[in-house]
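In the numbering used here, the protein residues as written are 1 to 514.
Hints are supplied without guarantee of correctness; some may be wrong.
In silico lysine to aspartate or glutamate, EDC-like type, Cα no more than 16 Å apart, as pairs [to be verified]:
#1 Lys142 <-> Asp21
#2 Lys328 <-> Asp267
#3 Lys285 <-> Glu349
#4 Lys328 <-> Glu344
#5 Lys92 <-> Asp194
#6 Lys92 <-> Asp114
#7 Lys142 <-> Glu344
#8 Lys205 <-> Asp194
Treat the hints as calculated values from the structure; they're not laboratory data.
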Amino acid sequence: MSPQPDGQRIVSAFFPDLAMDRWRRITAQQRSLPGDDVPVVLSEQGTHGPVIYALSAEARRRGIVEGTRVVDVQAIHLDLHVERSDAEGDRKLLDRVAIWARRWCPWTVRDGMDGVTMDITGAAHLFGGEARMLRDMGARFKMQGLSARLAVAPTRGAAQMLARHGGGGVICGPDDLAVAVAPLPVAALRINADTVRLLQRLGLKTLGALMEVPRVALMRRFDRVAEEFNPLVLLDRALGRTADPLNAPEDAVRWLARVRLAEPVIDPVPHLDALAADLCRQMAKAELGARRLRLTIYRVDGEWRSREVALASASREAAHLVRLMAGKLEGIDPGFGFDLLTLEALRVEPLALHQDHLDGARDAGKDVAALLDRLTAKLGPEKVTWSAWCQSHVPERVEGRMATLAGAPEAVIEVARERPLRLLEPTEEIVVLYAVPEGPPARFRWRRVSYLTARYEGPERVSPEWWRDRPGTRLRDYYKVEVGDGRRFWIYREGILGDGRGGDPRWFVQGIFA
């Protein structure tokens, strides 16, 4: 938690066009952008269809606003260019920007979905003062393709309001705080729309008007409003009357080992032992194990190449990691040589320190995990799979396949009725020579061989899954049928007479019992 000493200084960086700036930067690498005279909007799914999430300068000039339905805007502006938004990508970008902003100060945090807040207390003099620091921030954000509005104030709330509603570039001192925020609208408090309408009906349109009202009257009206939407609480925080600490997340820990070489080399394999040993020592101190590794070589021509490998279970055995990574380096292009290698654990999991068996016995579970790792590294993740069970009463949907590295196998689903050991995929249609009314076939032909039913059990009715199957899918009646030579088949009739979903019922063999 950031301290709040006297003379605290907070910078708020507001990115009004973050989503559009990111879209333009990504799209420009793939295709040509629309002209400046074309209104461009990004849409997200709303309650009654797509709504506008972000818009370009031309769209804003034409009076288009966020939250409007796309179809309504298209009816007015026929040249409207619509693209899908990526809110999750925008959020991840802001998280990275917040960490990157620690070049100016150690306390930074993402501010909603459109800004970054920084505690620059005691750091401005390193950049020649607050004015020069703001210019440096604006220039560097612009180099990253982001248009930013910046403001400095003694409190976080005041800095946020001045950056968003004060035009940006404002440097507010402690003595000028109340005067600086007084002309701002009450919406600058970031309260909900209902509270804004209530204050405006009361004639309180600016923060200055709100500050002049006796607090007792306002406290009676907003005593039941939550703190995050209470205008009095938010105003007190903005004016520094109550504490509003900046809770900055810790820096992300990177588990990384590197080797710098005096001269360029071609083969990375001889250096893997040292890299893996160093990385495992780091993880052992934190009692962690690697689940995904990435080896990167940095070539002398400025290019880099990388290889990744995943593990079935967390491990920090250097020899095992080296074997896995060595098998992935075939075909890697070293160019004219490389002089830097890094081995990074992209994903780690807790792995407590443990003592080996005193009798020297091996852990069978570790041997299986090591085998899965080596098979996956050699054959590919799609080739090494195990069963994945699904909740479904349709037999062929109960069992699926999943990559062994995607997760641990689940417990087998308990089935109330006996199921055959072998299921046919796909099912095979049979020719019914004679059928018992409302029962199984008394005689049928399968694979050019005729069978006579000796005994049977059933039916077991399986209805279509209406949330998944197409309309018109017919129900099934399953029978366990034993023929004269003792073999048992799992047969079902698809549909019944008069169900209105097709012609005569069809018969299929789906399984064979032991």
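Honestly, which of those hints from before does the structure not fit? 5, 7
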